[in-house]
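Using the sequences plus the hints, can you model the full thing?
Chains as they are written, first to last, in the working numbering: chain A, 1323 to 1437; chain B, 18 to 133.
There may be inaccurate statements among the hints.
[Stated by the list, open to error] From the structure, some residues in chain A lie toward chain B, with a derived Cβ separation under 10 Å:
| no. | residue |
| --- | --- |
| 1 | 1326 |
| 2 | 1328 |
| 3 | 1333 |
| 4 | 1347 |
| 5 | 1361 |
| 6 | 1364 |
| 7 | 1374 |
| 8 | 1390 |
| 9 | 1415 |
| 10 | 1421 |
| 11 | 1425 |
| 12 | 1427 |
| 13 | 1434 |
Since the hints were made in silico from the structure, they are not lab data.
These numbers come from a predicted model, not from an experiment.
Note that beta-carbon positions come from the ideal geometry of N, C-alpha and C, so glycine has one too.
The lines below spell out each chain.
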Amino acid sequence: AQTVTQSQPEMSVQEAETVTLSCTYDTSESDYYLFWYKQPPSRQMILVIRQEAYKQQNATENRFSVNFQKAAKSFSLKISDSQLGDAAMYFCAYMGASGTYKYIFGTGTRLKVLA
Amino acid sequence: NAGVMQNPRHLVRRRGQEARLRCSPMKGHSHVYWYRQLPEEGLKFMVYLQKENIIDESGMPKERFSAEFPKEGPSILRIQQVVRGDSAAYFCASLSSRQGVKDTQYFGPGTRLTVL
Chain A
1323 AQTVTQSQPE MSVQEAETVT LSCTYDTSES DYYLFWYKQP PSRQMILVIR
1373 QEAYKQQNAT ENRFSVNFQK AAKSFSLKIS DSQLGDAAMY FCAYMGASGT
1423 YKYIFGTGTR LKVLA
Chain B
18 NAGVMQNPRH LVRRRGQEAR LRCSPMKGHS HVYWYRQLPE EGLKFMVYLQ
68 KENIIDESGM PKERFSAEFP KEGPSILRIQ QVVRGDSAAY FCASLSSRQG
118 VKDTQYFGPG TRLTVL
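Written out as structure tokens, the structure reads:
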């Protein structure tokens, strides 16, 4: 069975600085997708970034980028130029590229942004 | 194109009552997933449905919980005889039916269930 681990329950970053959130996963599948979701106090699940496992190039979305290490099964999120609006829970998620396509979520990292 | 819709957004029930949560997937999506988020925890998969079929219910409690996705109308997650431990946020997500674009689930805003 697949598992997703986020080992940092809480992280803090100074406004305008850079922070990296860690995520590791375990799977025997060769093709899959990895995601980072942001959950603000409103509880809405907001997709931050997606990575296809077959792509070696790391995904980037504006200030958000990932460091995808397939062999190490590591998928970290880097947030550059942190803003107060980035404060939220961040969840890492895994989805196989076949079968039921259900998501497996990590336990989340609460990010605090300090002014 | 409307996103995934869930209602109600907030639901309060007393112990022993029934809770019905509704989810309308995005247009063109016939795959629906339900997840539960207990306070201060991550989302946990409950059930995966396609129209008129339950595909995977491995995450759903065996008793009191049921789900359906009829040919017409929204998907329903039903919780009978609710207990305080059922208090949580319940999220619905949908996935495209088209092969080649099954790469992202789209989430609704969630239903927050409070059991008194």
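Status of each hint after checking the structure:
no.	hint	in the structure
1	1326	9 Å, holds
2	1328	8 Å, holds
3	1333	16 Å, violated
4	1347	13 Å, violated
5	1361	9 Å, holds
6	1364	8 Å, holds
7	1374	7 Å, holds
8	1390	15 Å, violated
9	1415	8 Å, holds
10	1421	9 Å, holds
11	1425	6 Å, holds
12	1427	4 Å, holds
13	1434	15 Å, violated
Hint violations for this structure: numbers 3, 4, 8 and 13, all remaining hints satisfied.
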